[in-house]
Amino acid sequence: MSAPASKPHVYFLTITILPQEKGVDVRSLIHHIRDSLQKPKQAGVRIKSAFKVIGEAKVIAIAEVLETGSFDALVDDLYRHGPINVNTQPLIYYEDFARNLQVAEELLQNTTELPVNNLYWLDTDLEYHGKTFDEFLAIWKKEALAVLTPRSKGEFFIELYKGLAKRNVQAFIHNDLPENFDKMTFDLPIIRENGANIQFKCKGIKSLNHYN
Numbered sequence: 001m002s003a004p005a006s007k008p009h010v011y012f013l014t015i016t017i018l019p020q021e022k023g024v025d026v027r028s029l030i031h032h033i034r035d036s037l038q039k040p041k042q043a044g045v046r047i048k049s050a051f052k053v054i055g056e057a058k059v060i061a062i063a064e065v066l067e068t069g070s071f072d073a074l075v076d077d078l079y080r081h082g083p084i085n086v087n088t089q090p091l092i093y094y095e096d097f098a099r100n101l102q103v104a105e106e107l108l109q110n111t112t113e114l115p116v117n118n119l120y121w122l123d124t125d126l127e128y129h130g131k132t133f134d135e136f137l138a139i140w141k142k143e144a145l146a147v148l149t150p151r152s153k154g155e156f157f158i159e160l161y162k163g164l165a166k167r168n169v170q171a172f173i174h175n176d177l178p179e180n181f182d183k184m185t186f187d188l189p190i191i192r193e194n195g196a197n198i199q200f201k202c203k204g205i206k207s208l209n210h211y212n
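Letter 67 of the sequence shown, counting from 1, is numbered 67 in my numbering, and no numbers are missing.
It should be emphasised that the hints constitute simulated quantities derived from the structure, not laboratory data.
All C-beta atoms in this analysis are idealised placements derived from N, C-alpha and C, irrespective of residue type, glycine included.
Possibly wrong hints are sitting among the right ones.
In silico BS3-like pairs for lysine-lysine, Cα to Cα no more than 30 Å straight-line [unchecked claim]:
| hint | residue 1 | residue 2 |
| --- | --- | --- |
| 1 | K183 | K142 |
| 2 | K203 | K141 |
| 3 | K201 | K153 |
| 4 | K58 | K203 |
| 5 | K206 | K153 |
| 6 | K166 | K58 |
| 7 | K153 | K141 |
FRET-style restraints, in silico, Cβ to Cβ [as the list claims (entries may be wrong)]:
| hint | residue 1 | residue 2 | range |
| --- | --- | --- | --- |
| 8 | A43 | A138 | 39 to 45 Å |
| 9 | K7 | S152 | 19 to 25 Å |
| 10 | L177 | A73 | 37 to 43 Å |
| 11 | L137 | G23 | 46 to 52 Å |
| 12 | D35 | T14 | 17 to 23 Å |
| 13 | K7 | K39 | 22 to 28 Å |
| 14 | L137 | E105 | 14 to 20 Å |
| 15 | P19 | D96 | 37 to 43 Å |
Given the sequences, and given the hints that come with them, work out the whole structure.
What follows is the structure in structure tokens.
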């Protein structure tokens, strides 16, 4: 009987192109970064998602890692392309966190892919000043249900991760109309019940595979 396959560790990569006195060919450098991410030279790492931040010399990506040595080799390869900075943050799948909050299993399945256009990256820090920890977790469970229920019905597209050992969520969201996306954030339980303790950072993004 074979041993079960190991579950990959998840990392969030932020790849920032650094300014230089003589300038940088940002487009060419991003193409090289994309090539490295699309075809890692080492087995043991897979890029699940990768995006170009709109209007910035920055790429973000989600890596599923089975071998940390392979991940280090990928980062080494990225640095060979030119003046960049690579930051990594360990994550867990948001679905695993929601499972710990006892969200129903049928809401945790995600078989859809994000569309190519009209994407946003939402980086969220959560605190709970003035709340007990149990109250905070109860609100977070409501939040998980508010997001995962419509996703499970195919009503909107979102990819979610939680920072490992952090009260932080990384989300990649599709929405055709910015004003609808803005309204949606104000309707979230985490904002309605704990809004003073929430910090959103929002950026427009596009699929790195479709960056020309």
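Here is how each hint holds up against the structure:
For the given pair, K183 sits about 18 Å from K142 by alpha-carbon distance, which is consistent with the 30 Å threshold. Between the alpha carbons of K203 and K141 the distance comes to roughly 25 Å, so the proposed pair stays at or under 30 Å and holds. For a cut-off of 30 Å, the pair hint linking K201 to K153 stands: about 27 Å separates their Cα positions. A hinted pair counts as satisfied when its Cα atoms are at most 30 Å apart, and K58 with K203 qualifies at roughly 11 Å.
Between the alpha carbons of K206 and K153 the distance comes to roughly 24 Å, so the proposed pair stays at or under 30 Å and holds. The hinted pair formed by K166 and K58 meets the criterion: a straight-line CA distance of about 23 Å does not exceed 30 Å. Between the alpha carbons of K153 and K141 the distance comes to roughly 18 Å, so the proposed pair stays at or under 30 Å and holds. The hinted range of 39 to 45 Å is satisfied by A43 and A138, whose Cβ atoms lie roughly 43 Å apart.
Between K7 and S152 the beta carbons are some 22 Å apart, a value that agrees with the proposed interval 19 to 25 Å. Between L177 and A73 the beta carbons are some 42 Å apart, a value that agrees with the proposed interval 37 to 43 Å. Remark: the range hint 46 to 52 Å for L137 to G23 is upheld by a beta-carbon distance near 49 Å. Checking the proposed 17 to 23 Å range against D35 and T14 shows it holds: the Cβ atoms sit about 18 Å from each other.
Between K7 and K39 the beta carbons are some 23 Å apart, a value that agrees with the proposed interval 22 to 28 Å. In this structure, L137 and E105 meet the distance hint of 14 to 20 Å, their C-beta atoms being roughly 19 Å apart. For the pair P19 and D96, the beta carbons lie near 38 Å from each other, so the given range of 37 to 43 Å is met.
This entry satisfies every hint, going by the numbered hints stated previously.
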